[in-house]
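Engineer: Generate the whole structure from the sequences, applying the supplied hints.
Each chain, letter by letter, is given below.
There are 2 protein chains.
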Amino acid sequence: MADRIRSDAGANSRRRFMQQAGAGSAGVAAATLGLSMQEADAATAPAFDATYDIVVAGSGAGGLASALFARWQGNSAVILEKAGSIGGTTAKAAFWYWVPNNEAMKKAGIADPKPDFLKYVARLSNPQGYDPGHPRYGFTQWEYDMCSAFYDSASPAAELLAAKGALPYRHVADVPDYFAELPEDKAPKGRVLVPKEAIPSMADGGLVAVRTMSTKARQEGIPIRTGVRVTKLLQDKSGRVIGVEAKDELGATVRLRARKAVIFATGGFTHNVELRRNFLNGPIFGGCAAPSNEGDFVPIAGALGAQLRNMNYAWSCPIPLEKAIAKDGSISGMFSVAGDSMLFVNKYGHRNVNEKLQYNELAQTFFEWDGAKAEYPNLVRIAIWDQRSQQHSASAEYGRLIVPPGTDDRHVIKGATLAELARGIDERFAKYAGAIGAARLAPEFLTNLQAAIARFNQFAKTGKDLDFKRGERVVEQLFNGDVKDEPGRSNPTMWPLADAGPYYAALVVAGTLDTKGGPKTDTNGRVLDAGDQPIPGLYGVGNCVASASGRAYWAGGATLGPIIAFAYRAANAAHAEGRSAA
Amino acid sequence: MADRIRSDAGANSRRRFMQQAGAGSAGVAAATLGLSMQEADAATAPAFDATYDIVVAGSGAGGLASALFARWQGNSAVILEKAGSIGGTTAKAAFWYWVPNNEAMKKAGIADPKPDFLKYVARLSNPQGYDPGHPRYGFTQWEYDMCSAFYDSASPAAELLAAKGALPYRHVADVPDYFAELPEDKAPKGRVLVPKEAIPSMADGGLVAVRTMSTKARQEGIPIRTGVRVTKLLQDKSGRVIGVEAKDELGATVRLRARKAVIFATGGFTHNVELRRNFLNGPIFGGCAAPSNEGDFVPIAGALGAQLRNMNYAWSCPIPLEKAIAKDGSISGMFSVAGDSMLFVNKYGHRNVNEKLQYNELAQTFFEWDGAKAEYPNLVRIAIWDQRSQQHSASAEYGRLIVPPGTDDRHVIKGATLAELARGIDERFAKYAGAIGAARLAPEFLTNLQAAIARFNQFAKTGKDLDFKRGERVVEQLFNGDVKDEPGRSNPTMWPLADAGPYYAALVVAGTLDTKGGPKTDTNGRVLDAGDQPIPGLYGVGNCVASASGRAYWAGGATLGPIIAFAYRAANAAHAEGRSAA
Chain L
1 MADRIRSDAG
11 ANSRRRFMQQ
21 AGAGSAGVAA
31 ATLGLSMQEA
41 DAATAPAFDA
51 TYDIVVAGSG
61 AGGLASALFA
71 RWQGNSAVIL
81 EKAGSIGGTT
91 AKAAFWYWVP
101 NNEAMKKAGI
111 ADPKPDFLKY
121 VARLSNPQGY
131 DPGHPRYGFT
141 QWEYDMCSAF
151 YDSASPAAEL
161 LAAKGALPYR
171 HVADVPDYFA
181 ELPEDKAPKG
191 RVLVPKEAIP
201 SMADGGLVAV
211 RTMSTKARQE
221 GIPIRTGVRV
231 TKLLQDKSGR
241 VIGVEAKDEL
251 GATVRLRARK
261 AVIFATGGFT
271 HNVELRRNFL
281 NGPIFGGCAA
291 PSNEGDFVPI
301 AGALGAQLRN
311 MNYAWSCPIP
321 LEKAIAKDGS
331 ISGMFSVAGD
341 SMLFVNKYGH
351 RNVNEKLQYN
361 ELAQTFFEWD
371 GAKAEYPNLV
381 RIAIWDQRSQ
391 QHSASAEYGR
401 LIVPPGTDDR
411 HVIKGATLAE
421 LARGIDERFA
431 KYAGAIGAAR
441 LAPEFLTNLQ
451 AAIARFNQFA
461 KTGKDLDFKR
471 GERVVEQLFN
481 GDVKDEPGRS
491 NPTMWPLADA
501 GPYYAALVVA
511 GTLDTKGGPK
521 TDTNGRVLDA
531 GDQPIPGLYG
541 VGNCVASASG
551 RAYWAGGATL
561 GPIIAFAYRA
571 ANAAHAEGRS
581 AA
Chain H
1 MADRIRSDAG
11 ANSRRRFMQQ
21 AGAGSAGVAA
31 ATLGLSMQEA
41 DAATAPAFDA
51 TYDIVVAGSG
61 AGGLASALFA
71 RWQGNSAVIL
81 EKAGSIGGTT
91 AKAAFWYWVP
101 NNEAMKKAGI
111 ADPKPDFLKY
121 VARLSNPQGY
131 DPGHPRYGFT
141 QWEYDMCSAF
151 YDSASPAAEL
161 LAAKGALPYR
171 HVADVPDYFA
181 ELPEDKAPKG
191 RVLVPKEAIP
201 SMADGGLVAV
211 RTMSTKARQE
221 GIPIRTGVRV
231 TKLLQDKSGR
241 VIGVEAKDEL
251 GATVRLRARK
261 AVIFATGGFT
271 HNVELRRNFL
281 NGPIFGGCAA
291 PSNEGDFVPI
301 AGALGAQLRN
311 MNYAWSCPIP
321 LEKAIAKDGS
331 ISGMFSVAGD
341 SMLFVNKYGH
351 RNVNEKLQYN
361 ELAQTFFEWD
371 GAKAEYPNLV
381 RIAIWDQRSQ
391 QHSASAEYGR
401 LIVPPGTDDR
411 HVIKGATLAE
421 LARGIDERFA
431 KYAGAIGAAR
441 LAPEFLTNLQ
451 AAIARFNQFA
461 KTGKDLDFKR
471 GERVVEQLFN
481 GDVKDEPGRS
491 NPTMWPLADA
501 GPYYAALVVA
511 GTLDTKGGPK
521 TDTNGRVLDA
531 GDQPIPGLYG
541 VGNCVASASG
551 RAYWAGGATL
561 GPIIAFAYRA
571 ANAAHAEGRS
581 AA
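Quick note, the sequences are listed as chains L and H, same order. If you count by the working numbering, then the first sequence holds residues 1 to 582, one letter each, in order. If you count by the working numbering, then the second sequence holds residues 1 to 582, one letter each, in order.
Since the hints were made in silico from the structure, they are not lab data. Any given hint could be a false lead.
Claimed, not checked - When the alpha-carbon atoms are kept at most 25 Å apart in a straight line, the in silico DMTMM-like pairs for lysine to aspartate or glutamate are as follows:
(1) Lys373(H) / Glu472(L)
(2) Lys469(H) / Asp467(L)
(3) Lys373(L) / Glu368(H)
(4) Lys469(H) / Asp174(L)
(5) Lys464(L) / Glu375(H)
(6) Lys186(H) / Glu220(L)
(7) Lys164(H) / Glu220(H)
(8) Lys164(L) / Asp116(L)
(9) Lys373(H) / Glu181(L)
(10) Lys327(L) / Asp131(H)
(11) Lys373(L) / Asp467(H)
(12) Lys431(L) / Glu184(H)
(13) Lys373(L) / Asp116(H)
(14) Lys186(L) / Asp370(H)
(15) Lys247(H) / Asp532(L)
(16) Lys186(H) / Glu375(L)
(17) Lys373(H) / Asp174(L)
(18) Lys327(H) / Asp131(L)
Structural biologist: As structure tokens, then:
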């Protein structure tokens with residue numbers, strides 16, 4: 001509901017906002033001058049500090065792209081960013097973006113027909129209901145429509161961003177989808193693009209994308225205001241969203257008018273403990289989403305009656321326990337579980353997982369539940385490696401646990417022997433007891449660990465993991481990282497651990513890149529109410545809204561590909577809205 | 001928002017409603033006569049068909065108890081039931097109710113101190129965050145307060161219901177909690193009550209409770225209107241809930257005024273496929289909740305901005321696939337997986353579970369995910385038994401798969417040999433392919449099944465299941481059901497399967513008793529908005545609102561104990577509300 005109360009700080013804050021917003025851009029100044037009060041109903045109208053056609057919340061890929069697409073249609077736009085710096089989670093990403101049937105594929109002669117694409121995503125996103133003979137392959141109408149819209153719009157969106165110089169790309173033709181071996185995947189390679197200027201490892205792709213997109217945004221006259229947290233939506237009497245109320249970094253209230261639409265792209269709820277606990281399908285300890293991703297859009301849209309969907313799943317990945325507990329904003333998901341002479345065991349000393357599983361799938365194995373003991377036996381896993389992996393597989397990229405000298409290694413436990421290592425591990429468990437359900441190492445841990453290493457070493461000698469098939473899938477080798485060269489071996493993901501120390505360990509838990517549930521939107525990003533009707537003037541894009549991907553992580557870039565596609569669709573739909581009467 | 005439009009059918013429906021409501025009860029007639037229109041604002045006020053202090057939606061235990069408790073405080077009340085008959089899921093339950101520190105325990109000298117009780121529930125409901133040294137044992141404030149309120153009010157509620165003759169009980173002193181062996185459980189037996197007149201097996205407890213409570217309700221002048229589905233809440237200009245709009249069985253709209261409060265007790269979302277898919281922590285195929293439990297309260301309260309909590313968990317139990325697919329309203333959860341010469345395998349022929357795990361925990365094992373194959377390997381499990389179990393363990397109670405002659409046995413597959421049985425199983429898989437992700441038996445099924453039976457039979461001979469510890473916990477023997485007497489054996493849950501047929505099989509999937517997430521309430525049942533403020537006049541009780549139990553099923557009756565406690569608290573708080581101005 002439109003709020004009548006205007007804080008005392010409002011006038012100052014408004015002055016400050018207008019100065020700052022106008023400082024860098026003629027376009028913004030014009031938009032600000034366009035401010036018009038609701039003269040006819042001044043007593044009940046909120047006083048706005050500035051007016052734009054489109055108000056965007058969030059300055060990651062979804063927010064930047066939405067604002068750019070809207071601006072290129074002739075709209076004025078502003079981006080509000082809660083954090084003190086721009087880019088959100090995008091700035092931490094490698095920024096692969098998965099774009100079906102993209103122009104580079106076409107040039108390379110790689111066919112990617114829509115029905116096959118939809119079968120692949122339906123097979124993965126709804127495995128329990130997949131039906132190749134069903135007209136929507138078992139998808140609900142909404143899921144089908146969303147995936148169809150993604151297929152249709154990802155490439156046009158990517159091309160426009162590239163053509164405008166906001167996001168030039170290069171084709172990563174050799175990266176396979178994460179389930180490339182499934183018969184449903186008819187285009188197992190070719191859908192991945194990355195920012196053109198990313199380094200060869202691509203680890204800085206997100207920084208590049210944020211730089212090129214935000215530079216273009218400023219050139220186009222889109223102000224990006226950091227330290228401004230949107231706290232509520234403002235509606236007119238008919239219920240149409242006409243703006244936002246926000247707090248700036250000094251705590252003052254600012255109100256921005258959106259003549260056409262408000263677009264949220266504020267990320268998921270990775271850093272909201274309560275939402276994680278009450279919605280996700282297992283215990284998540286945090287993640288590499290920007291620390292500001294606290295699920296703000298859930299209560300903000302919830303207050304207007306928005307439906308929530310796909311709240312049970314996240315873009316998951318393992319994370320180091322200690323950085324999660326420390327709320328270290330630099331934390332990265334463990335996209336690459338590095339090392340060949342390396343294994344994971346649980347608190348019992350049992351190796352019970354393929355350590356090289358694709359990260360989203362690996363994280364889910366931490367949720368296994370023991371219904372007799374009433375515990376998560378794998379809540380905390382312990383990665384253990386030897387000097388060989390320490391020497392040859394260390395890297396500071398992609399969230400690897402094995403880090404080079406001089407890097408922050410507080411998560412690493414060292415021991416001259418396995419017994420010493422086990423003592424160190426148990427001390428670390430004790431230190432974090434309050435955060436891990438009072439778990440401690442089992443008395444038989446060391447014995448079982450020794451047996452687990454012996455069995456692993458046998459498998460490693462032959463390159464065949466008879467228990468968990470480590471390294472047998474193409475995606476597992478993709479993320480293997482550097483290992484010592486061993487000419488002639490068939491499986492580069494495995495090598496026996498040394499018989500003597502030093503040994504290393506680190507505690508690993510489940511985390512997220514970010515969550516993927518939130519208010520449901522239609523295929524044009526319009527947020528839907530409890531009756532599936534759009535809430536007029538309100539849009540959402542990216543991890544702050546519901547993804548139709550269910551539990552699946554289709555491929556590298558399956559986060560950012562849809563984000564760009566739906567930014568494009570949301571901006572186009574928002575552009576088409578009539579400007580609301582002031 | 002209050003709705004101005006009144007359908008043409010309204011006048012007729014209103015007459016019908018008043019006739020029916022008034023027919024059986026002087027109290028209702030009085031309440032109906034109390035109808036008062038909003039004279040001052042007639043143009044915008046909804047026209048109400050009848051007025052009560054308290055309008056209750058749902059006629060299961062939560063609704064009946066809420067209405068009774070409110071009535072005994074002097075309020076007029078009505079119960080609206082969507083289904084054609086009363087009782088909801090309660091009518092299908094055994095109606096154990098778990099009442100901590102109850103009067104029967106006190107008489108028997110069983111101590112049940114509150115701190116120990118809270119430790120036990122915290123240990124189970126938040127295993128990953130349990131901390132015995134924490135002031136709230138790792139619970140959030142809300143979880144702690146809710147469990148504390150349950151402890152405080154369950155016994156007073158049970159006593160009042162008993163004293164008034166609405167629900168006389170008997171003490172089931174020998175039933176253990178489901179994790180009775182945990183050191184945190186200081187009162188492992190004694191908390192369970194059942195309706196006094198239930199048969200010895202207690203399977204009809206819910207029918208007895210519905211009968212005694214609804215009889216008392218009618219005696220007290222509380223009309224129970226079946227076939228009336230609440231579709232929306234009506235609010236006054238301040239946002240206070242002042243009534244409901246509903247559809248009667250002929251589709252006509254009726255509007256009921258609630259002078260004090262509306263209390264929802266409409267059950268969970270077991271039969272809402274979309275909500276299940278988008279919230280629960282694994283693939284659920286249905287359940288034994290009343291077929292009308294379609295999660296109505298989620299969108300109805302969502303439209304008013306209610307927060308949702310604990311949406312990821314359900315009161316889970318395995319169910320027979322075929323009754324779930326057929327939407328058989330008589331379906332029962334498999335509370336007792338009967339038979340000693342019986343095992344479960346998956347589509348690969350692997351036995352990978354303790355079949356006698358407590359039902360909530362057993363169901364969760366169906367969610368195990370294979371992240372390399374991108375499938376739920378245990379999505380459909382196959383129960384297999386021989387003639388011995390068929391003869392000695394058949395029963396029509398507690399959802400057993402092994403049913404006696406003359407009972408509906410369409411879920412049973414028969415084979416003279418294991419090979420013939422396997423063919424029959426695969427045909428059944430093929431028949432349901434569209435509902436089970438196109439799963440079929442693996443080529444190696446029969447070979448693996450034979451190996452699984454051989455290994456199981458070895459274990460059964462010694463009574464020691466070296467793989468899954470079947471039968472080792474007290475709760476597993478509690479639900480073992482009838483088995484052939486074998487004097488001297490140590491483990492009554494296991495016996496070797498016969499070397500020759502006939503053999504029997506049935507397909508089993510995960511299901512629910514009902515879900516346990518929904519709008520968040522405070523400890524008095526008041527529904528909370530996105531800012532944790534009560535939505536004035538709106539209450540919720542039972543499976544339609546969020547349980548603080550997380551994933552846990554503390555004990556038999558852990559559903560109904562809290563339902564009665566919170567019905568008592570909600571009714572008392574609703575009673576204390578001032579009557580809203582007409």
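Engineer: Taking the hints in turn, state whether each one holds.
Structural biologist: Okay, the hints, checked on the actual structure:
no.: 1; hint: Lys373(H) / Glu472(L); in the structure: 12 Å, holds
no.: 2; hint: Lys469(H) / Asp467(L); in the structure: 21 Å, holds
no.: 3; hint: Lys373(L) / Glu368(H); in the structure: 17 Å, holds
no.: 4; hint: Lys469(H) / Asp174(L); in the structure: 48 Å, violated
no.: 5; hint: Lys464(L) / Glu375(H); in the structure: 22 Å, holds
no.: 6; hint: Lys186(H) / Glu220(L); in the structure: 68 Å, violated
no.: 7; hint: Lys164(H) / Glu220(H); in the structure: 11 Å, holds
no.: 8; hint: Lys164(L) / Asp116(L); in the structure: 31 Å, violated
no.: 9; hint: Lys373(H) / Glu181(L); in the structure: 10 Å, holds
no.: 10; hint: Lys327(L) / Asp131(H); in the structure: 20 Å, holds
no.: 11; hint: Lys373(L) / Asp467(H); in the structure: 15 Å, holds
no.: 12; hint: Lys431(L) / Glu184(H); in the structure: 22 Å, holds
no.: 13; hint: Lys373(L) / Asp116(H); in the structure: 19 Å, holds
no.: 14; hint: Lys186(L) / Asp370(H); in the structure: 22 Å, holds
no.: 15; hint: Lys247(H) / Asp532(L); in the structure: 20 Å, holds
no.: 16; hint: Lys186(H) / Glu375(L); in the structure: 19 Å, holds
no.: 17; hint: Lys373(H) / Asp174(L); in the structure: 22 Å, holds
no.: 18; hint: Lys327(H) / Asp131(L); in the structure: 20 Å, holds
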